[in-house]
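Asker: Each chain is listed here by its residues.
Number of protein chains: 2
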Amino acid sequence: MFSHEKLKRFCKEVFLTMGCPQEHAETAADVLVTADLRGVDSHGVVRLSGYVRLWEIGRVNANPNIKVVHETASTALIDGDRGLGLVVGPEAMKIAIDKANQAGTGWVAVKNSNHYGIAGYHAMLALEHDMIGITMTNASAHVAPTFSVERLLGTNPISVAVPAGKEPPFVADFATTPVAYGKIEMYQRKGEPVPLGWLQDEKGCPTTNAYATHEGGALVPLGGDREHGSHKGYCLGAIVDIFSAVLSGANYGPWVPPFPAYLPVPENPVGQGIGHFLGAMRIDAFRPADEFKANMDTWIRRFRRSKPAQGHKRVLIPGDPEAETMEKRKSRGIPLLESVVEDLKGVADKFGIKF
Amino acid sequence: MFSHEKLKRFCKEVFLTMGCPQEHAETAADVLVTADLRGVDSHGVVRLSGYVRLWEIGRVNANPNIKVVHETASTALIDGDRGLGLVVGPEAMKIAIDKANQAGTGWVAVKNSNHYGIAGYHAMLALEHDMIGITMTNASAHVAPTFSVERLLGTNPISVAVPAGKEPPFVADFATTPVAYGKIEMYQRKGEPVPLGWLQDEKGCPTTNAYATHEGGALVPLGGDREHGSHKGYCLGAIVDIFSAVLSGANYGPWVPPFPAYLPVPENPVGQGIGHFLGAMRIDAFRPADEFKANMDTWIRRFRRSKPAQGHKRVLIPGDPEAETMEKRKSRGIPLLESVVEDLKGVADKFGIKF
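Residue numbers (the numbering used here), protein chains in the order written: chain E, 46 to 400; chain U, 46 to 400.
Treat the hints with care, since some could be wrong.
Which copy? The list can't say, so a pair holds if one copy fits it or any two copies do.
Derived DMTMM-like pairs: lysine to aspartate or glutamate, alpha-carbon spacing no greater than 25 angstroms straight-line [unchecked claim]: (1) K352 to E247; (2) K338 to E369; (3) K248 to D365; (4) K211 to E68; (5) K211 to E58; (6) K375 to E71; (7) K139 to E116; (8) K390 to D335; (9) K139 to D329; (10) K248 to E272; (11) K358 to D175; (12) K228 to E272; (13) K53 to E247; (14) K112 to D329; (15) K395 to E212; (16) K358 to D246; (17) K338 to E71; (18) K338 to D126; (19) K51 to D329; (20) K51 to E387; (21) K395 to E372; (22) K235 to D335.
Bear in mind the hints are in silico, worked out from the structure with no lab data behind them.
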């Protein structure tokens, strides 16, 4: 078990050594460790060495000049200057919140960025301002559109955070595929077949082969197949791609640069870096915040106390599992796989830092 | 085959006879017949008699005073005054478009409305203004949250319309369930079991019983079951419910009034009528519209020409099937089931109009 404070201090030191300004290093470390605290281990410190490698090959700029390229009362287009998405995301959300304070809502499209960690972190920044936070990001292509065998979309997550009154906030944060890729890797490690409905083979047929993506196959959109609504998951992934990248001037579809630094960046880019889209809506731009929050409490309580299905003890509200894991890990610490610890030690050695 | 002009004239006459003002009758008829033209038969003239019955029992106000209750530069809260959603929806979208012209984006939450027909109609109103149109609406509860046996959410559709340059626009319009209820009714008529992954029984277990919802069962969220991401479909349906109704002051969750006039309205309402949420984003509030539209063309062409899966001839762009059906039906006419024709004749008789 590792304390989240210690992990955060370590990450911050790594980012500082990379040349990140103090405030950026603090934010980036907070985004990473918050993922681990919330139980989204796939987006936490396990990725630290990946960010370092992107910086080493010059794809990440440790000291970016994040700037507004164009704006209106309720919108802004941001150039992330190849910064860490972990820094660009929160900066963009700050602008969205400022706009919402002035104009009721604020919407920011971001180009020229990199992987921004868990979407939920950015959406949740709106909560303390009595605003609804919304964000989405595109990612490199692993998902085939319905009826296609080509990988053209990322797992393109969406997050929406809604403040409540006495209840904890509603926080949805999900990829637009049946499962995240990390779950498929777990089956690979166990040497077991995956359930039907997660992957397709090189011909576009459903498969249980956990290695299908290594053999010309692809992840499928949420829904799984046409009969179960995969065209709707395809719509969602496409909307995320368009809002994040076509609207901002980032790369979209198969042109999105991959996270692993050893993979080549697609040729003939159609934009700059990867793209995000973030929004903040002031509750009282619609109705009094107290009224809204009292109704959110009613909504949450009604859903939470609904009758569970056979074999289940309770019905969850989006955000419940993550909030509970956070509570636990804050006091008991964060469990890390041995391989992740080794990876972090490698980063420490590289920079002459103690882990 | 029925010509869309004739069907529209007939619907308009019905709405006029109900007491709708000229312009409202025109709009409502256009929304209904556009659904039939686009092949969304479940939301077209088949529902005309249903709207009439809601008017007869006083749940629909034929001459509503649709008014702005509260607003900011980029937002408005609208009271639909129990008007036809078919009229309230386009009125709200007009306000969103006006706001977007001024502030870059416009966002409208609507309470005290009724069923607004196909979501896509309202989203597409933004297209001719070089704006992205977004809308969602809640609906009466047929869907059980993941792990629950209670029906707490509607099929809560989302529509996003994005303008392109030389290509037709991108128009996503989908319920947040694997299938619409109309598809399940088709299996009931054929006396066949439905595929697993559409419905659950009264215990919350997957079932092929097409009549499950008559026997304590429920529709499931997009994803089907937890293993295939139904918690993500649950998130989507919940977001639609919250944006449409908690933000506006309409009824949400199990309190949403049903479309059929013979069903009782839930007791102890938590708001007024049903709710919608609509938004318009001016493209050039982010980047020049020409640049954006050229990139949308690239996006659309890359996806459309991607390699099809085995057994499929081509990969579709959201909106393609509806646009193609519209083209066909505009010239060849709209096919109506005998039962629908009888239903329309019934409405005609009731009002002393010729069908």
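Asker: Does each hint fit the structure? Answer for all of them.
Answerer: A quick look at each hint next to the structure:
1. In the homo-oligomer, the alpha carbons of K352 and E247 lie at most 25 angstroms apart only across protomers (11 angstroms), although the nearest pairing inside one protomer, at 42 angstroms, exceeds that limit.
2. In this homomeric assembly, K338 and E369 come within 25 angstroms of each other (Cα to Cα) only inside a single copy, at 21 angstroms, whereas the closest approach across copies is 44 angstroms.
3. In this homomeric assembly, K248 and D365 come within 25 angstroms of each other (Cα to Cα) only across copies, at 23 angstroms, whereas the closest approach inside a single copy is 39 angstroms.
4. Proximity of K211 and E68 under a CA criterion of 25 angstroms is satisfied in neither setting, with 32 angstroms inside one chain copy and 45 angstroms between copies.
5. Taking CA atoms no more than 25 angstroms apart as the test, K211 paired with E58 passes in neither setting, with 37 angstroms inside one copy and 51 angstroms between copies.
6. For the homomeric pair K375 and E71, the shortest alpha-carbon distance inside one copy (18 angstroms) is at most 25 angstroms, but the shortest distance between copies (60 angstroms) is not.
7. Proximity of K139 and E116 under a CA criterion of 25 angstroms is satisfied in both settings, with 14 angstroms inside one chain copy and 23 angstroms between copies.
8. Taking the closest pair of Cα atoms, K390 and D335 never come within 25 angstroms of each other, the shortest separation being 48 angstroms inside a single copy and 50 angstroms across copies.
9. For the homomeric pair K139 and D329, the shortest alpha-carbon distances inside one copy (18 angstroms) and between copies (21 angstroms) are both at most 25 angstroms.
10. Taking the shortest alpha-carbon separations for K248 and E272, both the intra-copy value of 18 angstroms and the inter-copy value of 24 angstroms come in at or below 25 angstroms.
11. With identical chains, the CA atoms of K358 and D175 are never at most 25 angstroms apart, being 32 angstroms at best within one copy and 49 angstroms at best between copies.
12. Taking CA atoms no more than 25 angstroms apart as the test, K228 paired with E272 passes in both settings, with 23 angstroms inside one copy and 11 angstroms between copies.
13. Neither within a single protomer nor between protomers do K53 and E247 lie at most 25 angstroms apart by alpha-carbon distance, with minima of 41 angstroms and 47 angstroms respectively.
14. For the identical chains of this complex, K112 and D329 are inter-copy neighbours only, at 18 angstroms across copies versus 29 angstroms inside a copy, given an alpha-carbon limit of 25 angstroms.
15. With identical chains, the CA atoms of K395 and E212 are never at most 25 angstroms apart, being 45 angstroms at best within one copy and 51 angstroms at best between copies.
16. In this assembly of identical chains, the alpha carbons of K358 and D246 lie at most 25 angstroms apart only when taken from different copies (17 angstroms versus 36 angstroms within one copy).
17. In this assembly of identical chains, K338 and E71 lie within 25 angstroms of each other by CA distance neither inside one copy nor across copies; the values are 31 angstroms within and 38 angstroms between.
18. With identical chains, the CA atoms of K338 and D126 are at most 25 angstroms apart between copies only, with a shortest distance of 24 angstroms across copies and 38 angstroms within one.
19. Within a single copy, K51 and D329 get their C-alpha atoms no closer than 39 angstroms, and across copies no closer than 45 angstroms, so neither meets the 25 angstroms cut-off.
20. Within a single copy, K51 and E387 get their C-alpha atoms as close as 16 angstroms, which meets the 25 angstroms cut-off; across copies the closest is 73 angstroms, which misses it.
21. In the homo-oligomer, the alpha carbons of K395 and E372 never lie at most 25 angstroms apart, since the shortest distance is 33 angstroms inside one protomer and 63 angstroms across protomers.
22. In the homo-oligomer, the alpha carbons of K235 and D335 never lie at most 25 angstroms apart, since the shortest distance is 50 angstroms inside one protomer and 50 angstroms across protomers.
When each numbered hint is compared with the structure, violations occur for hints 4, 5, 8, 11, 13, 15, 17, 19, 21 and 22.
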